[in-house]
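Peer 1: Each chain is listed here by its residues.
Number of protein chains: 2
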Amino acid sequence: MLSLLSLRTRIAGGTLTPQGALALVREAIAAREPEIGALVSLDANPAVPTAGPLAGIAFGVKDVIDTADLPTQMGSPIYAGWRPKADAPAVARLRALGGVALAKTTTTAFAFMDPTETRNPNAPGRTPGGSSAGSAAAVAAGMLPLALGTQTGGSVIRPAAFCGTVGVKPSFRLLPTVGMKCFSWSLDTLGLFAATVPDAAHALALLTDWPEIERAGDAVPRIGLLVPEFCAEPEPDGLDALHRAARSAEAAGAVLRQLALPPLYGQAFGLHGTIQDFEGIRALAWEYDHRRDALAPLLRDQLDAAGAIPAEAYDAARRVVRAARSGFRGVLAEAGLDVVLTLPAPGAAPQGYASTGDSRFNRLWTLLGLPCVSVPVPGDGPPLGVQAVAPFGEDARALAAARFVERALAR
Amino acid sequence: MLSLLSLRTRIAGGTLTPQGALALVREAIAAREPEIGALVSLDANPAVPTAGPLAGIAFGVKDVIDTADLPTQMGSPIYAGWRPKADAPAVARLRALGGVALAKTTTTAFAFMDPTETRNPNAPGRTPGGSSAGSAAAVAAGMLPLALGTQTGGSVIRPAAFCGTVGVKPSFRLLPTVGMKCFSWSLDTLGLFAATVPDAAHALALLTDWPEIERAGDAVPRIGLLVPEFCAEPEPDGLDALHRAARSAEAAGAVLRQLALPPLYGQAFGLHGTIQDFEGIRALAWEYDHRRDALAPLLRDQLDAAGAIPAEAYDAARRVVRAARSGFRGVLAEAGLDVVLTLPAPGAAPQGYASTGDSRFNRLWTLLGLPCVSVPVPGDGPPLGVQAVAPFGEDARALAAARFVERALAR
Chain A
3 MLSLLSLRTR
13 IAGGTLTPQG
23 ALALVREAIA
33 AREPEIGALV
43 SLDANPAVPT
53 AGPLAGIAFG
63 VKDVIDTADL
73 PTQMGSPIYA
83 GWRPKADAPA
93 VARLRALGGV
103 ALAKTTTTAF
113 AFMDPTETRN
123 PNAPGRTPGG
133 SSAGSAAAVA
143 AGMLPLALGT
153 QTGGSVIRPA
163 AFCGTVGVKP
173 SFRLLPTVGM
183 KCFSWSLDTL
193 GLFAATVPDA
203 AHALALLTDW
213 PEIERAGDAV
223 PRIGLLVPEF
233 CAEPEPDGLD
243 ALHRAARSAE
253 AAGAVLRQLA
263 LPPLYGQAFG
273 LHGTIQDFEG
283 IRALAWEYDH
293 RRDALAPLLR
303 DQLDAAGAIP
313 AEAYDAARRV
323 VRAARSGFRG
333 VLAEAGLDVV
343 LTLPAPGAAP
353 QGYASTGDSR
363 FNRLWTLLGL
373 PCVSVPVPGD
383 GPPLGVQAVA
393 PFGEDARALA
403 AARFVERALA
413 R
Chain B
3 MLSLLSLRTR
13 IAGGTLTPQG
23 ALALVREAIA
33 AREPEIGALV
43 SLDANPAVPT
53 AGPLAGIAFG
63 VKDVIDTADL
73 PTQMGSPIYA
83 GWRPKADAPA
93 VARLRALGGV
103 ALAKTTTTAF
113 AFMDPTETRN
123 PNAPGRTPGG
133 SSAGSAAAVA
143 AGMLPLALGT
153 QTGGSVIRPA
163 AFCGTVGVKP
173 SFRLLPTVGM
183 KCFSWSLDTL
193 GLFAATVPDA
203 AHALALLTDW
213 PEIERAGDAV
223 PRIGLLVPEF
233 CAEPEPDGLD
243 ALHRAARSAE
253 AAGAVLRQLA
263 LPPLYGQAFG
273 LHGTIQDFEG
283 IRALAWEYDH
293 RRDALAPLLR
303 DQLDAAGAIP
313 AEAYDAARRV
323 VRAARSGFRG
333 VLAEAGLDVV
343 LTLPAPGAAP
353 QGYASTGDSR
363 FNRLWTLLGL
373 PCVSVPVPGD
383 GPPLGVQAVA
393 PFGEDARALA
403 AARFVERALA
413 R
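Going line by line, the protein sequences match chains A and B.
With the numbering used here, the residue at position 403 of the first sequence is 405, and numbering never jumps.
With the numbering used here, the residue at position 362 of the second sequence is 364, and numbering never jumps.
In isolation and in its complexed conformation, chain A is listed as follows (with noise of 0.2 Å):
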């Protein structure tokens, strides 16, 4: 993978240049991209600034984000060819800060569940995960240093858990979500995939010009284990690359308990799809009524379903949400941890292109609008993960945690 720190430091020493980091991208992009199909779009001729931290960083950009200069299409032919008037704030932030804005990756459409064609770099065969299917395999494919995605469900952490590269989902709107077609405005989540954790955090740190995000510090979590008893459990190789993880933490002097969440987390859990479809027939309303036929079909459905979803429904789900966020700070502080280690999927990415995966192990965290790292569990098979989670507003907390797991697990 093209790490950002490196080729920033590359380039900063002056052995790179900015367009000389343009140029390995450009190399690897078209080494790879015919066979794994990340990019819907591609700016032939970006103006490349020399200066600012991120000059020389092409990045990517899910194709559900405005971008002024490229098609922004949604993963649906009822966007095709269509252009945004502006570029969304965080991408027209990473231009402020010297990055330049590639590519447009690939999307299921309107960042639901209908997979694209994009394949997994990793792992022949077998699906890149998904929303944020091109953000992930773009980067985990050393095609692009950095990328956005989008998570409602599971859409950043768990592509990158499938494609073996580093995924953040922020702390909720700590990102500015404008400027990204909404699917649930509880829920979505702006995220991005860089190739370490230092990658991601000094990305974030930049993005959010709050530098304390990426100091780790130099204290050794306290790391909660966990295995949500309230959903499915999870495939043999998703739970042992948990333990791997763990084990390594453990031996590079964390502390280590398995954690168990109260039944409201079980039930908050079992509600994210009140709230996310509920909110998704209303945001895609204008898509539902003139366009029903051409939306893709397993999205056709869920939408289908949830107009039938009643206001108090929702309501109640919300209430339950709200309890749950507004009590995980003291489930964690009253069991003397910082942070939770658990799976970032089931297992490995599934055999096949027919779905997407499951979001089983990501839809509490993104309705609790928690942050979330996943880090790539070294192995011989397809790509497997771990995913450290932290209070509300933590962030630096869970980047600093799952640097701590990164680097146990590279000893």
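Incorrect hints may have been included.
[Stated by the list, open to error] Here chain A is said to cover these stretches of chain B; the calculated rule only asks that three of the stretch's residues, wherever they fall, bring their Cβ under 8 Å from a Cβ of chain A:
(1) 104-114
(2) 261-268
(3) 273-281
[As the list claims (entries may be wrong)] Heads up, simulated EDC-like pairs for lysine to aspartate or glutamate below, C-alpha to C-alpha not over 16 Å straight-line:
(4) A:K87 - B:D303
(5) A:K87 - A:D71
(6) B:K87 - B:D71
(7) B:K87 - A:D291
Don't read these hints as lab results, they were simulated from the structure.
Just so you know, even glycine gets a beta-carbon here, dropped at the ideal spot from N, CA and C.
Based on these hints, arrange chain B on the given structure of chain A.
Peer 2: Okay, now just chain B, sitting in the frame of chain A:
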């Protein structure tokens, strides 16, 4: 003014057709629009549904809200002729109910404070207020029975009071803000204008598919009379209107008590700008980075200063606001009150067109996400109003109290 319920009653009774109702609207527009300038664009030949609970109801859409059939120009030359792909969900919903999106209405640039060319139909020589100037003026002039607006500071309630119409700013996110040009994602709220409280309540009940919202019930409200101490004093005419409304409500049987808010609310009030502007410079990053010279001057100056707000100040402000939000229901309950009755603006619309007026009697309620309804207070001079405010999610209660006051004032 054109009453939505009266038009619907006539249509349901067979004495008016939907096309006939549209013809009334067109006549009114032909008569009043040349002097008022409330409309940016008009659909010359819209489809007029003959079925649906809003069949025959033409509505206006503030020009920061996306429409597929009419341009959406944000009150700014930057978006001249801009055509979004889709209707915003609120527009799609009104259309699905049979309503006709007849016109886009004027807005200050990006819904900030630079005045529009719109004139106040009921107060010659005075501003109609802002930022939803066109929607307020069009309804107040009897040109439209319904119009959508948005409020980030006081942009629905204030122009409603200045123009002499009913304005509703619902609880935060009761109506989706999807498809609205974002200024502040924590504050932007979609609202509406109508001739009377029952008209507005009916529209909101249909928009939200929540029939209870318009069931006023028979209970007399327990009203807390509030003249906030934490902002500069109101003008004598504004205060007089509040007291007249209060006396009328009391004479009609309402319980009335003076209310004072704890110091936390004064503190929160003072932080509105920190949140609005910190988010605004991010939400409008593309426009600021690429088209700063084309921004309206007040907005440009505000965004110039907004860049200096540190993330820590924003985070601290959010924490204060969160505490104030979660405590408000308790403050009212402890005082044995159902709603707050307060000023919608310092007084009548200011003379001239240099300013859209002052939002100091609106900002706290927007910040707290509370439902607000502005009701005209009849008198001899320029329009004045009174504002009812209820706890979060109690939109039905705010509307019921506003209706009670509206009826009491009509006696």
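Peer 1: Between K87 (chain B) and D71 (chain B), is the straight-line Cα distance small enough, at 16 Å or below?
Peer 2: 9 Å, holds
Peer 1: Measure nothing beyond the straight line between the CA atoms of K87 (chain B) and D291 (chain A); if it is 16 Å or shorter, mark the hint as holding.
Peer 2: 14 Å, holds
Peer 1: According to a criterion of three or more residues whose C-beta lies within less than 8 Å of a C-beta of chain A, is the region 104-114 of chain B covered?
Peer 2: violated (count 0)
Peer 1: Given the hint that K87 (chain A) pairs with D71 (chain A), test it: the Cα-Cα distance must not exceed 16 Å.
Peer 2: 9 Å, holds
Peer 1: Per the coverage rule (Cβ-Cβ under 8 Å, at least three residues), is the region 261-268 of chain B covered by chain A?
Peer 2: Contact hint for the region 261-268 of chain B vs chain A: violated, 0 residues under 8 Å.
Peer 1: Please verify whether K87 (chain A) and D303 (chain B) have alpha carbons no more than 16 Å apart.
Peer 2: 23 Å, violated
Peer 1: Please verify the coverage claim for the region 273-281 of chain B: does it have three or more residues whose C-beta sits within 8 Å of some C-beta in chain A?
Peer 2: violated (count 1)
Violated hints, listed in ascending order, are 1, 2, 3 and 4; each of the other numbered hints is respected by the structure.
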